[in-house]
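**Q** Below, each chain spelled out in residue letters.
Protein chains: 2
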Amino acid sequence: MTRFMDVHHGMEGLTADGLKQAHQADLAIEKDEGVHFEKAWADPASGTVYCLSEGPSADAVQRVHERAGHPADEIHPVPLTV
Amino acid sequence: MTRFMDVHHGMEGLTADGLKQAHQADLAIEKDEGVHFEKAWADPASGTVYCLSEGPSADAVQRVHERAGHPADEIHPVPLTV
Chain R
1 MTRFMDVHHG MEGLTADGLK QAHQADLAIE KDEGVHFEKA WADPASGTVY CLSEGPSADA
61 VQRVHERAGH PADEIHPVPL TV
Chain Z
101 MTRFMDVHHG MEGLTADGLK QAHQADLAIE KDEGVHFEKA WADPASGTVY CLSEGPSADA
161 VQRVHERAGH PADEIHPVPL TV
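Heads up: the sequence lines are chains R and Z, in that order.
The first sequence maps to residues 1 to 82 in the working numbering.
The second sequence maps to residues 101 to 182 in the working numbering.
Here chain R stands alone, though its shape is the one from the complex (with noise of 0.2 Å):
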């Protein structure tokens, strides 16, 4: 497993309650891909979300938020934490 931290563009505007939403939608079907979603952080004033996963591969999450309808413009591994 690995974690993964994804970026979303374009989401302007976005409220708490449609991040809670996304959110929703993305735990709702994770398992299939053996996804977990554990964090997501929003800046609706330049319309950028930040998910931070861990699953198999960066394809996996990107099929679980494809599914549920917000694709990734970026996903990057971060091997990394501190």
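Since the hints were made in silico from the structure, they are not lab data.
Mixed in with the good hints there might be a few duds.
As the list claims (entries may be wrong) - In silico DSS-like cross-links for lysine-lysine, where the CA-CA straight-line distance does not exceed 25 Å:
(1) R:K20 <-> Z:K139
(2) Z:K120 <-> Z:K139
(3) R:K20 <-> R:K39
(4) Z:K120 <-> R:K39
(5) Z:K120 <-> Z:K131
(6) R:K39 <-> Z:K139
Since the structure of chain R is provided, determine the placement of chain Z on it from the hints.
**A** What follows is chain Z alone, placed relative to chain R:
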């Protein structure tokens, strides 16, 4: 206090020790600006580092990073979390 996610590029080849040292350099001076760096995640392959912090402003976050020798390329307030 606002939560911020900042991003560094060009950190290809960063090691676990390098990340730890950079984080310690921030922690050593962060109080001067009323900032706290909570967590950081790094992708040495693409040279990307994400730092999560709390502080009074993006400028305060950047001043700590600059004095520690690693200015951020982007700093986003992330008022929404899930």
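**Q** Any hints this thing doesn't respect? Which numbers, in order?
**A** none
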